[in-house]
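Colleague: The chain contents come next:
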Amino acid sequence: MRKKGQFDGDDRGVSMTVSYILGLSIAFLLVIGLFLTAGDFVTEQRETSIRTEMEVLGEQIATDITLADRMAQTTTDNETVVVRRSLPSRVSGTGYTISVTGGDDPYLVLTSQDPEITVEAEFSNQTDVEMSRLNGGSILVNYTDSDTLEVQRSDR
Amino acid sequence: MADLNGRRTSRGGERAQIMLVAAFVLAVTFIALAVMLNSVIYTENLATRGEDAHGSEAIAYRADMAAGTERLIEHVNENQTGESYDDHVANLTTSIAAMDNGTAPIVATGGTRTKVSVMSVTRGTRIGQFNTSRNFTDVGATTDWELANSIEGTRAFRINITDSSQLVEEDLISFLGGSLDPFTVRVDDGTDDWAVRIYEDDTTTDVIVDVEGGGECVAGSDPEIDLTAGTINGEPCGPLSFGDGVSTPYSLRYEQADQIQGNFSLVVDSTSFTSSHYSTDEDTPFADDGAIYAATIYVLHESADHVYATDAEAIPGENDA
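So the sequence lines, in the order shown, correspond to chains R and W. At position 148 of the first sequence the residue is numbered 148 (my numbering), and the sequence of numbers has no breaks. Position in the second sequence counted from 1, then plus 156, gives you my numbering.
Quick caveat, the hints were computed from the structure, so don't treat them as lab data. It should be emphasised that the depicted structure is a prediction, and the values quoted were computed from it without experimental measurement. Heads up, the beta-carbon is just placed ideally off N, CA and C, and yes, glycines get one too. Hints may contain errors.
Claimed, not checked - Covered by chain W, according to a simulated footprint, are these stretches of chain R (three or more residues, beta-carbon under 8 Å):
#1 27-37
#2 48-57
#3 74-80
Work the whole structure out from these sequences, hints included.
Modeller: And the structure:
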């Protein structure tokens with residue numbers, strides 16, 4: 001039986017240099033692994049959150065266009081139809097643009113700047129909707145003098 | 157493996173700096189995730205904030221105000237006979253202002269501003285007879301007579317039959333092999349015409365409302381027929397589509413008006429009629445050309461998230477003739 005404390009401080013068979021290199025390498029590997037994994041994870045989560053946010057915003061704008069369309073359909077003369085909505089100017093720390101595109105069958109496209117993610121939102125309309133593109137933030141849907149709907153920037 | 161176990165020497169202790177950096181990275185990662193999670197929660201909170209900008213309320217408000225104005229027009233026409241057209245218009249304007257003052261403070265509590273006002277009023281003629289035991293002949297007992305001409309529209313045309321036995325029975329009718337013509341309402345624009353004949357079933361007391369070339373509806377005895385709404389006793393009658401195929405302006409006439417008994421009333425968008433057919437007594441046919449046919453109102457419904465304004469037509473019991 002070994003006596004207690006018999007090998008305390010026994011460095012034999014292990015070089016101090018090897019010991020250091022081994023220790024540092026394992027620690028670096030762990031840290032680099034952590035860096036890469038955490039970085040990817042955060043980036044991935046950020047993209048997911050940007051996409052989720054823009055999907056929600058897109059649906060809200062689509063709802064507003066549909067509502068303005070429904071209201072415009074019930075007007076005759078001396079008409080004014082404006083639907084306002086306050087939206088955040090940035091999603092998960094990046095700016096974004098809102099555009100109405102698609103010609104005769106319009107739909108919404110929301111695009112974030114960095115990272116560039118694109119989300120589409122469909123809506124049904126009877127009133128013509130003008131093609132437009134604007135930066136994110138508060139918007140309004142306006143029934144114009146030429147009897148079309150236009151998504152515009154809101155001052156409020 | 158002595159050194160890897162972390163020997164308590166000053167040099168061995170320096171390796172903990174790497175662990176410190178790793179811990180720092182982890183901390184930053186968690187903060188970034190927390191910030192993003194917060195952002196997602198905020199957006200999901202946005203998503204659950206009400207479906208729209210209360211636009212449905214605006215549309216409903218417009219419909220309510222138009223319906224209210226229709227009731228006011230009917231009230232002014234029916235309860236203020238004898239007054240001039242200008243008086244009727246003034247009364248309507250005052251009543252609509254009162255309706256506005258009544259509703260605006262209620263909706264204002266919900267943060268909405270509303271306004272309703274009269275834009276224009278269309279003059280018409282209210283024609284009727286309220287004697288339940290008289291036939292539909294004119295004051296001079298003429299059986300075929302013209303109620304009005306140059307008509308741009310007819311509304312609230314109601315015939316209430318009080319004694320179906322006064323109608324011609326089906327087996328006696330000329331176009332069904334007999335020799336008599338039934339009571340007929342005819343709409344005529346000079347080129348096309350539309351007519352509805354009213355007669356009684358020859359075996360029962362049922363009343364038949366027969367649209368010329370369009371089909372018929374059968375009702376029980378003493379029905380109330382709304383020609384412009386296309387209903388009999390409030391039930392829809394498919395073939396009864398007043399003035400179908402006739403363009404405006406048109407004339408409206410009764411034929412064989414002695415073959416029916418009851419009362420009737422209607423409002424026409426015209427002030428052109430032969431006054432000798434009428435008297436001022438409501439027990440015989442009367443015509444009040446100071447009546448209001450329709451009104452156009454301006455409706456505004458505004459809140460922080462929407463503005464809705466439009467003109468709206470109020471035509472009580474309107475038809476598309």
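Colleague: Run every hint past the structure and note whether it holds.
Modeller: Hint check:
1. 27-37: Holds: 6 residues of the region 27-37 of chain R have a Cβ under 8 Å from chain W.
2. 48-57: holds (count 5)
3. 74-80: With 7 residues closer than 8 Å to chain W, the region 74-80 of chain R meets the three-residue bar; holds.
Going through the hint list in order, the structure satisfies each hint without exception.
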